[in-house]
Amino acid sequence: NAGVTQTPKFRILKIGQSMTLQCTQDMNHNYMYWYRQDPGMGLKLIYYSVGAGITDKGEVPNGYNVSRSTTEDFPLRLELAAPSQTSVYFCASSRPGGRANEKLFFGSGTQLSVL
Amino acid sequence: KNEVEQSPQNLTAQEGEFITINCSYSVGISALHWLQQHPGGGIVSLFMLSSGKKKHGRLIATINIQEKHSSLHITASHPRDSAVYICAVQTSGSRLTFGEGTQLTVNP
Chain A
1 NAGVTQTPKF
11 RILKIGQSMT
21 LQCTQDMNHN
31 YMYWYRQDPG
41 MGLKLIYYSV
51 GAGITDKGEV
61 PNGYNVSRST
71 TEDFPLRLEL
81 AAPSQTSVYF
91 CASSRPGGRA
101 NEKLFFGSGT
111 QLSVL
Chain B
1 KNEVEQSPQN
11 LTAQEGEFIT
21 INCSYSVGIS
31 ALHWLQQHPG
41 GGIVSLFMLS
51 SGKKKHGRLI
61 ATINIQEKHS
71 SLHITASHPR
81 DSAVYICAVQ
91 TSGSRLTFGE
101 GTQLTVNP
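Protein chains in written order, with the numbering used here: chain A, 1 to 115; chain B, 1 to 108.
Hint data in this document are derived by calculation from the structure and do not stem from the laboratory.
Do not take every clue at face value.
As the list claims (entries may be wrong) - Keeping only pairs whose Cα atoms sit at most 27 Å apart, straight-line, the calculated DSSO-like set for lysine-lysine is:
id	chain 1	residue 1	chain 2	residue 2
1	A	103	A	57
2	B	54	A	103
3	A	14	A	44
4	A	14	A	57
5	A	103	B	53
6	B	55	A	103
7	B	54	B	68
8	B	55	A	9
9	A	44	B	68
10	B	68	B	55
11	A	57	A	9
12	B	68	B	53
13	A	9	A	44
14	A	103	A	9
15	A	57	A	44
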């Protein structure tokens, strides 16, 4: 299993540009998450999904959109990039339903700079 | 006040020392996670626990639900243990609230 695959690893955007961060998992996990990590701060939840066709806002959803058309994929869309969105983004997944199955699996992260 | 507080923020140890990182939280939880973030940025789940104690190799995690406190211990620390250790609490559903992390440096 590849686990959680996140692309790209690095990206520089100009203000106002848009982009999509891709996230794919091959573990048949129901739950998927997008987090951002700012320097010296804890991870903040942007959006999450409990299954295909279902998404919900997290703590910091403004400026982002998501979709979950399949169990495997959970892309994160930035429509009008702003400097405040400069951060490291992590995708994660988990499968609820049993204690051993609720561990989180993380992608390798995307370092995004908006200039 | 953050819902999840970790201490210390930074910790420097000599190889072989016993290390303790603490996590206190202020809300009711269903589980608590300990994560390790490597210098390269990757995040790995170490433990998920809802009561008692778990051990994996040189790592031990404990939780006291009544006192809303958890500790992560590392025995016989090694330079390769140098990383950021993150505590996260699971509240409603599968949503997590994260601490700010403890930067651990183990010197040879």
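Hint consistency between residue 55/B and residue 103/A [alpha-carbon to alpha-carbon, up to 27 Å]: Cα-Cα ~15 Å, so holds.
Restraint check for residue 14/A with residue 44/A, where alpha carbons must lie at most 27 Å apart: holds (23 Å)
Distance restraint between residue 57/A and residue 44/A, which requires alpha-carbon spacing of 27 Å or less: holds (11 Å)
Given hint residue 55/B paired with residue 68/B - CA-CA distance at most 27 Å: Distance ~20 Å between residue 68/B and residue 55/B Cα, so the pair holds.
27 Å Cα cutoff - pair residue 14/A, residue 57/A: It holds: about 25 Å lies between the C-alpha atoms, which stays within 27 Å.
Restraint status (C-alpha distance of residue 103/A to residue 9/A at most 27 Å): Holds, because 23 Å separates the two Cα atoms, which is no more than 27 Å.
Given pair status - residue 103/A, residue 54/B, alpha carbons within 27 Å: Answer holds: residue 54/B to residue 103/A is near 14 Å, not above 27 Å.
Hinted pair residue 57/A and residue 9/A, Cα distance within 27 Å: holds (24 Å)
Proposed proximity, residue 53/B with residue 103/A (alpha carbon, max 27 Å): Given that 27 Å is the threshold and the Cα spacing comes to 16 Å, the pair holds.
Pair hint residue 68/B and residue 53/B, alpha-carbon separation not exceeding 27 Å: Status holds; Cα separation ~14 Å.
Hinted pair residue 9/A and residue 44/A, Cα distance within 27 Å: holds (19 Å)
Hinted pair residue 44/A and residue 68/B, Cα distance within 27 Å: holds (21 Å)
Checked against the numbered hints listed earlier, the structure breaks hint 8 alone; every other hint is satisfied.
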